[in-house]
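Protein chains: 2
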Amino acid sequence: MALSRIAALSLAFVVALAPPLHAQQQPTAQSDFDQAVAAQAAANSRPGPRAIPAHVIPLPSEEISPQLQTLIASPYPSHMNADPKSAAEWKELIDRRAAQAIALLPAMKEQLAVAVQPAVIGGVKCFIVTPKAIPAANRNRLLVHVHGGGYVFGPGEAALPEAILLAGFGGFKVISVDYRMPPDFPYPAAMDDAMAVWKAAVKMAKPRNMAIFGTSTGGAMTLAMVLRAKAEKLPLPAAIAPGTPWSDIDKIGDSYASNEWTDNVLVSWDGWLGRAAKLYAAGHDLKDPYISPIYGDFHGFPPTILTSGTRDLFLSNTARTHRKLRRAGVVAELNVYEGMSHAQYSFDMNAPETKEAFTDIARFFDKHLGK
Amino acid sequence: MALSRIAALSLAFVVALAPPLHAQQQPTAQSDFDQAVAAQAAANSRPGPRAIPAHVIPLPSEEISPQLQTLIASPYPSHMNADPKSAAEWKELIDRRAAQAIALLPAMKEQLAVAVQPAVIGGVKCFIVTPKAIPAANRNRLLVHVHGGGYVFGPGEAALPEAILLAGFGGFKVISVDYRMPPDFPYPAAMDDAMAVWKAAVKMAKPRNMAIFGTSTGGAMTLAMVLRAKAEKLPLPAAIAPGTPWSDIDKIGDSYASNEWTDNVLVSWDGWLGRAAKLYAAGHDLKDPYISPIYGDFHGFPPTILTSGTRDLFLSNTARTHRKLRRAGVVAELNVYEGMSHAQYSFDMNAPETKEAFTDIARFFDKHLGK
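So the sequence lines, in the order shown, correspond to chains A and B.
If you read the first sequence in the working numbering, its first letter stands for residue 2, the second for the next number, and so on.
If you read the second sequence in the working numbering, its first letter stands for residue 2, the second for the next number, and so on.
Please keep in mind that the hints were generated in silico from the structure rather than gathered at the bench.
Check before you lean on any hint, since a few could be wrong.
Below 30 Å or equal to it, Euclidean Cα-Cα: the simulated BS3-like pairs (lysine-lysine) are [claimed, not checked]:
| hint | chain 1 | residue 1 | chain 2 | residue 2 |
| --- | --- | --- | --- | --- |
| 1 | B | Lys279 | B | Lys204 |
| 2 | B | Lys252 | B | Lys288 |
| 3 | A | Lys200 | A | Lys133 |
| 4 | A | Lys110 | A | Lys207 |
| 5 | A | Lys234 | A | Lys200 |
| 6 | B | Lys126 | A | Lys356 |
| 7 | B | Lys356 | A | Lys288 |
| 8 | A | Lys252 | A | Lys288 |
| 9 | B | Lys133 | B | Lys174 |
| 10 | B | Lys368 | B | Lys234 |
| 11 | A | Lys252 | A | Lys174 |
| 12 | B | Lys372 | A | Lys368 |
| 13 | A | Lys356 | B | Lys174 |
| 14 | B | Lys126 | A | Lys372 |
| 15 | B | Lys372 | B | Lys288 |
| 16 | A | Lys252 | B | Lys356 |
| 17 | A | Lys368 | B | Lys126 |
Here are some of the chain B residues that sit facing chain A, going by a computed Cβ distance under 10 Å [what the hints assert, rightly or not]:
| hint | residue |
| --- | --- |
| 18 | Ser87 |
| 19 | Phe170 |
| 20 | Lys174 |
| 21 | Asp271 |
| 22 | Thr319 |
| 23 | Met341 |
Glycine residues also receive a C-beta, built at the ideal position from the N, C-alpha and C atoms.
Extracted from the complex, chain A is given alone in its bound form (with noise of 0.2 Å):
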């Protein structure tokens, strides 16, 4: 990762082809984008990778609603490089963004009509969003929640808005669970939750009846659970929706590369993305399906819904896992939205992009959950 090596190395391209600054030329566009393709050319020469210049994304509005053009918009989040170096390091971090969440719930459970019940369920804590008015279609069906935030961030109520969000716009009774995390409980104890909300929660609906969702490392989990339930011949849920899904926990999959620095929310897995990846799997095999579900087999699986954007560095993760459902002869369907970075369709419940992905899932899920 010799970042300062290559843009150097790039500038001396750019630099040895520019006209002398004795000549006093104006530069133009065109003879701008001339250089630049010299040196692109020059630093592309050769099969392999990829050298990218230095270069400016304007921001996007096209079909993009002025909510979601604010959060392209946005700057880097402060803890993107994050390195805590003890547990309790960890959990100020965790506690402080934990604490940005939570002061959203109360206009978002007000504004999309749900009530918040905490309980247990299968030994696990857990989090029962209920809207207000359920549609006659949706009376018997329940849907199980896993949240993302890299298996660190996201504990006790701080889970909750994706679950609010499906609740509200979908009319569903939602368990969300609140599973163990990092830097106390590594894996397996998120998984080992999961699945023990999953066999109680398989006993209060009908399994047809019932789905799975989660963003980002909740969709990497929605993913590892279904193989889980294969594995251990527990009933599958009838439909799942792994949004942007942590599918390959290590940095392997192109738009960890080609989205690095253009997504806004992650911006890179070497920051503390790499280091909450390190720290949950504690040594285990970042290849273990159950912690890169990539690489578990999908035959099987049940319809699934995979949502995406154009600059989400978990593209790859999202249109690799859909290419291997594909495969596996799974239906499949991949929604990926212009300009956004990763799981932006969650972060706020008044862009018209969050209603219509939350829309799509809810109607999915119609579609293929039973009565």
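Fit chain B to the supplied structure of chain A, relying on the hints for placement.
Relative to the frame of chain A, chain B by itself:
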């Protein structure tokens, strides 16, 4: 497009933050990353455009065939910044590229077991591509193909590779339209030719047994043909397959910038591509829906299957089209291939991804076409 200045600015940040040389400190990957984070956080400290540093995208390999890896690794094409100054210069480039495409046809026809016959349909030069064996389900089905090439490339038999791929992998009879192109024939000649063929073709088979497909420019024309068929009260096809369609002929859409230099097929709109756009539009509004079909009304469109890749300069053209179709209530499927640049699913008949992409399209047509 002051690329050299942006590169210099980016490097200035890196240099300012680098340890002094006399310290003789060995830079590490971590310190390089930390420096890059500081520089990028500063460059992106205010809402708005996204500043990207020079960086390298490794060659991806997971779930990518050796054939596709070879395509992904390839240097930029030599014509990426071609700027022909006259009709004669355009024709020299067009003919040179056509000869390369035509040289591959005998092996394609042989391996995929199709026969090609020239024909005139609706007064327009065409080719009829017929598989040696047509499955019973496809006997009464007929596809119309509009080739790609930025409205300038692919004259005559050079139009045929994609038609041969779908005829061969799908077992369909295909009419491939050899529409007129610039420099001699700007818009609307290409669209008029395609519509003349469509009007004649719907008398050769039942429209509900027919589909239209094409990649890139051919994808845009596929969409524009449905818009025109709607406007002219002609029968619509039963399904369409616009592959990575040039839906917005102008440089509008996020991946024109986010995948600039990353896509090794088109590389940038600012090279030959934008010049071809202007040559074709010939003064017409680039937002005319028959030139940029993303600005058309997609209500009532037939089921649509779209194909793109994570590195595709037209990822946004594809994703915007997909979303706009879904918002109009159209059945629309999106496939995004890992690491793939523009249209690379049609470049190597021996790449498993080529067979996969065309088999997916064939299955989609089989599902939605009458018999």
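Hint check results:
1. B:Lys279 / B:Lys204: Roughly 35 Å between the alpha carbons, so the hint for Lys279 (chain B) and Lys204 (chain B) is violated.
2. B:Lys252 / B:Lys288: 11 Å, holds
3. A:Lys200 / A:Lys133: 26 Å, holds
4. A:Lys110 / A:Lys207: 27 Å, holds
5. A:Lys234 / A:Lys200: 11 Å, holds
6. B:Lys126 / A:Lys356: 48 Å, violated
7. B:Lys356 / A:Lys288: Holds. Lys356 (chain B) to Lys288 (chain A) sits at ~28 Å (cutoff 30 Å).
8. A:Lys252 / A:Lys288: The given pair, whose Cα atoms are some 11 Å apart, holds under the 30 Å limit.
9. B:Lys133 / B:Lys174: Holds, at roughly 10 Å.
10. B:Lys368 / B:Lys234: 25 Å, holds
11. A:Lys252 / A:Lys174: 35 Å, violated
12. B:Lys372 / A:Lys368: Roughly 26 Å separates the two Cα atoms, so the pair holds.
13. A:Lys356 / B:Lys174: 42 Å, violated
14. B:Lys126 / A:Lys372: 55 Å, violated
15. B:Lys372 / B:Lys288: Distance of about 37 Å is beyond 30 Å: violated.
16. A:Lys252 / B:Lys356: Satisfied, since the Cα-Cα distance of roughly 28 Å is no more than 30 Å.
17. A:Lys368 / B:Lys126: 45 Å, violated
18. Ser87: 18 Å, violated
19. Phe170: 16 Å, violated
20. Lys174: 26 Å, violated
21. Asp271: 5 Å, holds
22. Thr319: 8 Å, holds
23. Met341: With a closest approach of 9 Å, the Met341 (chain B) hint holds.
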